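Since the structure of chain V is already known, use the hints to place chain P on it.
Those protein sequences? They're chains V and P, same order as listed.
Note that our numbering numbers the first sequence so that position 127 is 127, with each residue one more than the last.
Note that our numbering numbers the second sequence so that position 82 is 82, with each residue one more than the last.
Source of the hints: derived by calculation from the structure; they are not laboratory data.
The reader is advised that the hints may include incorrect statements.
In this list, chains with the same sequence are indistinguishable; a pair is considered to hold if it fits within one copy or across any two.
Unchecked claim - Below, in silico cross-link-like pairs of lysine to any residue (SDA-like), each with a Cα-Cα straight-line distance of 25 angstroms or less: (1) K218 with E292; (2) K218 with D319; (3) K180 with V364; (4) K218 with A317; (5) K218 with L101; (6) K116 with L168; (7) K218 with P297; (8) K279 with D113; (9) K116 with G392; (10) K218 with P115; (11) K415 with R47; (12) K143 with D24; (13) K218 with Q112; (14) K459 with A22; (15) K459 with D16; (16) K143 with V364; (17) K459 with D38; (18) K173 with E265; (19) K415 with I183; (20) K279 with D430; (21) K180 with I288; (22) K218 with F192; (23) K42 with A317.
All values reported here derive from a predicted model rather than from experimental measurement.
Read off the chains here:
2 protein chains.
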Amino acid sequence: MSTNPGMIDPVLAQIDATLPAALDRLMDLLRIPSISTDPAYKQDCARAADWLVEDLRTLGFEAQAHATPGHPMVVAQGGEGGPHLLFYGHYDVQPVDPLALWDRPPFDPEVQDTPKGKVIRARGASDDKGQLMTFLEALRAWKAVHGTLPCRLTIFLEGEEESGSPSLIPFLKAHGDLLKADIAMICDTGLFQDTAPAIVTMLRGLLGEEIIVEAATKDLHSGMFGGLARNPIHVLTRILANLHDDQGRVQVPGFYDGVTELPEEIRAQWQNLAFDHAKFLGDVGLAIPAGESDRTPLEMIWSRPTAEVNGITGGYAGDGFKTVLPAEARAKVSFRLVGAQDPHILRDSFRAWVTAQIPADCRVRFADHGASPAGTMQITHPAFEAARSALGEEWGRAASYVGCGGSIPIAGYFKTYLGMDAMLLGFGRDDDQIHSPNEKYDLECFHKGIRSWARLLGKLA
Amino acid sequence: MSTNPGMIDPVLAQIDATLPAALDRLMDLLRIPSISTDPAYKQDCARAADWLVEDLRTLGFEAQAHATPGHPMVVAQGGEGGPHLLFYGHYDVQPVDPLALWDRPPFDPEVQDTPKGKVIRARGASDDKGQLMTFLEALRAWKAVHGTLPCRLTIFLEGEEESGSPSLIPFLKAHGDLLKADIAMICDTGLFQDTAPAIVTMLRGLLGEEIIVEAATKDLHSGMFGGLARNPIHVLTRILANLHDDQGRVQVPGFYDGVTELPEEIRAQWQNLAFDHAKFLGDVGLAIPAGESDRTPLEMIWSRPTAEVNGITGGYAGDGFKTVLPAEARAKVSFRLVGAQDPHILRDSFRAWVTAQIPADCRVRFADHGASPAGTMQITHPAFEAARSALGEEWGRAASYVGCGGSIPIAGYFKTYLGMDAMLLGFGRDDDQIHSPNEKYDLECFHKGIRSWARLLGKLA
Chain V
1 MSTNPGMIDP VLAQIDATLP AALDRLMDLL RIPSISTDPA YKQDCARAAD WLVEDLRTLG
61 FEAQAHATPG HPMVVAQGGE GGPHLLFYGH YDVQPVDPLA LWDRPPFDPE VQDTPKGKVI
121 RARGASDDKG QLMTFLEALR AWKAVHGTLP CRLTIFLEGE EESGSPSLIP FLKAHGDLLK
181 ADIAMICDTG LFQDTAPAIV TMLRGLLGEE IIVEAATKDL HSGMFGGLAR NPIHVLTRIL
241 ANLHDDQGRV QVPGFYDGVT ELPEEIRAQW QNLAFDHAKF LGDVGLAIPA GESDRTPLEM
301 IWSRPTAEVN GITGGYAGDG FKTVLPAEAR AKVSFRLVGA QDPHILRDSF RAWVTAQIPA
361 DCRVRFADHG ASPAGTMQIT HPAFEAARSA LGEEWGRAAS YVGCGGSIPI AGYFKTYLGM
421 DAMLLGFGRD DDQIHSPNEK YDLECFHKGI RSWARLLGKL A
Chain P
1 MSTNPGMIDP VLAQIDATLP AALDRLMDLL RIPSISTDPA YKQDCARAAD WLVEDLRTLG
61 FEAQAHATPG HPMVVAQGGE GGPHLLFYGH YDVQPVDPLA LWDRPPFDPE VQDTPKGKVI
121 RARGASDDKG QLMTFLEALR AWKAVHGTLP CRLTIFLEGE EESGSPSLIP FLKAHGDLLK
181 ADIAMICDTG LFQDTAPAIV TMLRGLLGEE IIVEAATKDL HSGMFGGLAR NPIHVLTRIL
241 ANLHDDQGRV QVPGFYDGVT ELPEEIRAQW QNLAFDHAKF LGDVGLAIPA GESDRTPLEM
301 IWSRPTAEVN GITGGYAGDG FKTVLPAEAR AKVSFRLVGA QDPHILRDSF RAWVTAQIPA
361 DCRVRFADHG ASPAGTMQIT HPAFEAARSA LGEEWGRAAS YVGCGGSIPI AGYFKTYLGM
421 DAMLLGFGRD DDQIHSPNEK YDLECFHKGI RSWARLLGKL A
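Chain V extracted, bound-state conformation (with noise of 0.2 angstroms):
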């Protein structure tokens, strides 16, 4: 798909020119702690979704920040002309903790210099204000230079997405009229292999569960009740050690139901991506692929099933040492599904699989953390053929499809409750640290991010 040079050439050099104010908003956003799991940072979300109202507006656009049981829905439309694009981003951010690995407060950013080029580094750097921020930016160019916004825009960022979006299928059942477009554009993903433009056409699903297995009802001296008592701890590791077994699958009954092998184009387009575990393994200090034996460690990441656990608590955890038998003991685990995985049939196996392997004298409770099936993009809708003519322009690659290891539900509830299919694609890479200490977005990232969708708008305008 071609471009009019005389319609793009002068937005890329708007948003060269003014790089240095769209990372000073950037910045602005960064500064505001919108961690969504955390209910001690609610004012914060709102303010998040406030300050992006307040920047939509001045991009010409009618936007509002919708109230809902959780953290507020930012929706904006504006904009002329067909087609009708939907774009996607979040403004929420995950937890900080342990804070003490980070070598900055993670809300104060700062663009430091690194042996790798500048980078911008704060909690949601990447993931995902620094995304969603390429988007608006190119935008905001195109409007300087053209006067108007290039088509019809929706933009729609969710607040709750790293706490398992919980009012997320109301507010689409809701506000379907006000969100359908002709397709949705999520920014959330990103490079292959740092250097190569992805689409992603395969994401896993997310079942999220919290084990906490109760036994006497306070806690107890270890040397009055060792040895006599339940030690829930016990009974929690015995469990969870028996989540997989020495091949690394997973053992809940029925849990493969439903996960097909890969297409054997896929496999063969997989097999040409090099992937290069070794690297990917190597810079964050490991070596081994540690999932099932059998398996391509770019089939552990895209096209598998998975179990782990995110979390465990239990007993005196802090200096010193502390001779308690704990009351309870807790473990949060997460599953990642594929193919036709049915995350609520799932949820009621693990359940009772869990239940099956409590002891008399102890009681296990479990809390709901989200369920959603994997998906699988349709790829029909022109705009797809564009983003990968737009992208390879942009960073002299071809663009490749891909599949993700993370879960993404927004595509398939745009799918399912809109009847709209989903193109994503995004600039992140994989030492971006998301979800962990010290996240960062490469300044190259950014800047190229905001050019590739200024191009790609080009070519759908």
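For chain P alone, kept in the frame of chain V given last:
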């Protein structure tokens, strides 16, 4: 052993008449949050030591708080005439978490009416501030009546008992001349089944270890890396799940070396105690002995060695959910030791056993949280029979020689480093919730504890 009623009756009357003032003093001491394991409370530990020095001086002792690399040791000398008794207690207390489970602030003590009588509610009320004050109050009453202390006395109050006593052995070695007496009396134990006075002659040892399993160099996103990268929580839970076999036996190689069977006469005596394990467990909401399947409940807590995980942490355990693969996971493990089990050999054996289970790509570190062997008391000193007699008169029931599941290494240290036998007796009850939220000490135990010591001093003086 008989007592001169003219000598002891006025002391008992004085104790009864001045109980409210004794209680006020205990309340003052309980208000000091002397948590020894947490460095944040270092000044409070020093304050508690100073408070005791001041109080001992009002009783006519030459008292001093001796600085150590950790918390101070309070040592006081006073009185004349034989025998020379050393009294040991500890002024430090356990941490208070989980704070949310306390019904009132743990360092704001209060006397409360309960269905089972009046209780003193505060951290340290029973373990060990309330207990150590029973002895000082007995001396105060004695002095008020007779004008002098009953015999030559050394008071030795430690501030690191709840954090592994790191300064104790060096202090005993350096100050043996200050501390050596005819016999030590240690007040840090309880009544048997709430009503029968007891003298502990069999103590379990304690080995404290912390395991830190490290995998990636930073926390990872479980979507990006899950299924491929090693999860240290999985590694740790698999190791801990192997700690016991299905019969409750500890699987660390050589663990049972040095464990001896109970002598027949002790076994017979314990059978006569008619330990009601259903009530003991029922009081904390449990019903079923969970230890070695071929042992009696009393053996499980008094004469068999154990392994217990006292704390575990890894990943995100706060509100909500975080899809993280943590860089590390940690557990604190304690072993209760009996007979001739060697804690230093066991530490090496445990570390080797853990290390052998660490997969490639992971590392393990250990932290040492103390080691003390089990101890069996010599009961030849006439103070033992005097104590059985005094306790029997006060409580209306014969005192028993019993075991103790907890670890009170000081008794062994007195023997090893000062060549001095020790007698352990105290007035705690099983439901005192020591080391747990809502710790209490029954007012009856405090009152009759003071009277018990007065009676014993009357026999020994």
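### Task
Return the numbers of the hints above that this structure violates; sort them in rising order.
Violated hints (numbers, rising): 3, 6, 11, 16, 17, 18, 21; every other hint is consistent with the structure.
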